[in-house]
Amino acid sequence: MTTESDSHLGEAVAARIERRWATLSIVVVGVLVGMAIFIGIDHATMPQGHVETADPKTLHLTGEFIESNLGSAMEADGSVTVRAIGQQYSFTPQCIVVPSETPVTLRATSADAVHGLLIEGTNINTMLVPGYVSELPVRFKAPGEHAMPCQEFCGIGHQGMWAKVKVVDKTAFLRMMASRRRLSCVD
Amino acid sequence: MSEQKLFTLRNPWFGAAVGITGGIAVLSFLAGLIWLPLAQPDLKISGIWDAICSAAGVPRAAPQSSVQQPDFKTSSVVLTSEMLTHPDQVSIGRGATLAQRCAICHGPEGVSDANSPNLAGQFAAVTYKELNDFKAGARVNVVMSPFAATMSNQDMLDIAAYYAYLPRVPSNKIDAELAAPRIVVTGAPMRNIPPCGACHGDIDTKAGSPWLGGQSAVYIKAQLEAFASGSRHNDISQQMRNIARQMTGEEIDQVARYYAAQP
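Just so you know, the protein sequences line up as chains A and G, in that order.
So that you can map any letter, position 120 of the first sequence is 126 in my numbering, and since no number is skipped, the others follow by simple counting.
So that you can map any letter, position 237 of the second sequence is 1564 in my numbering, and since no number is skipped, the others follow by simple counting.
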């Protein structure tokens, strides 16, 4: 038999425990939201802030992703725009060349399935989703060569989908760019 | 047990739970849809409403830029994986009549020893695309280009349907004993060479990629070399040039010999 005071005691214990668990849940949610804000501000990951669309079936007909417009382009403000596409089973251009210590805008999309664009040794990592343009503002610190494998299973030949990124000294890049409108390091 | 009603603001637990949840939602909204977009200098957000739309995913027009046009003709065919997979009988019949003019090189049944492609059983999308590219000048061949120049779109559809309908005739060069070379089976991943069969039908089919079994070794080799040098460039967005460029001469020979011996 429980007495009146026993049941009051029980209620008080239950209320205390419930309050603690509720506080803990709120703290967990708060930490998660805080983490999302921190990595967004700090650019630890680079979630894209806007949406742009492109028809994957007609990329080769018109617009900025036609074959002759892919690769690195010099902008009026001194920055560089790199355009690339992922398709089953290669990236075009196969070898991307960019200058070091220069703001670079990477714009890429997919012509068929979902592909992944990852540049080894950097925090550049995004999905290429058919229908959408992925855009990343990036900056390469030092000259060097990076592998750029497809990081999202895109079909039966996925493991054979690799490109290269060559970061060169800014003056060397300008020299290479001098006679060209679009640049890549495909031989 | 207390008889107190749960869902009423007089219940302090209910009030606190709804209040805190709502508060977190509002703060997250402000942070995610306004603060974070405005904190990205590259986004060039023009105001609070623009920030909300941008973060919520309202599509934005691509920035204006000058587009570098090609100095050569590229393929203008739009390929989808389901295209031309359900031909009708009338189209096949018309194609049979039209294909008589093709027989001199491609054989009366779509198979010949002339080192021109064997078309019997070829995917309709492939024949259709190549005819289009010959007509448009994206692919050039002294014999084929004049033939394609006079074809209508319907002619090309019909011829493609007819050749897809013909059974693949096993050539007399079949050699079941010939082991598949490594480059065919696994490709060379670090050189961006996937297995051939990933696109060409042995494992999976990518629209526009031809069936290679039974093709002439001379033809396969010539095409791979043309892709590698860039003299053939009607593969959409370099999908085959990217691969052929990386292949060694020895690998091209192996691939050509292997597929010529396949059914």
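Because the hints were derived from the structure by calculation, they are not lab data.
Worth double-checking, as some hints may not be accurate.
[Unchecked claim] Here are a few chain A residues that sit away from chain G, every Cβ distance over 12 Å (derived from the structure): (1) S11; (2) R25; (3) T29; (4) G46; (5) V57; (6) H66; (7) I72; (8) A79; (9) T87; (10) E107; (11) R113; (12) T128; (13) N129; (14) M133; (15) E158; (16) K176.
[Claimed, not checked] Okay, derived cross-link-like pairs now, DSSO-like style, lysine-lysine, Cα gap no bigger than 27 Å in a straight line: (17) K63(A) <-> K1500(G); (18) K1533(G) <-> K176(A); (19) K1533(G) <-> K147(A); (20) K63(A) <-> K147(A); (21) K170(A) <-> K1371(G); (22) K1533(G) <-> K1548(G).
From the three backbone atoms N, C-alpha and C, an ideal C-beta is built for every residue, glycine too.
Go through the numbered hints given earlier and state which of them the structure violates, listing their numbers in rising order. The structure breaks hints 2, 3, 4, 5, 6, 7, 8, 9, 11, 17, 18, 19, 20 and 21; every other hint is satisfied.
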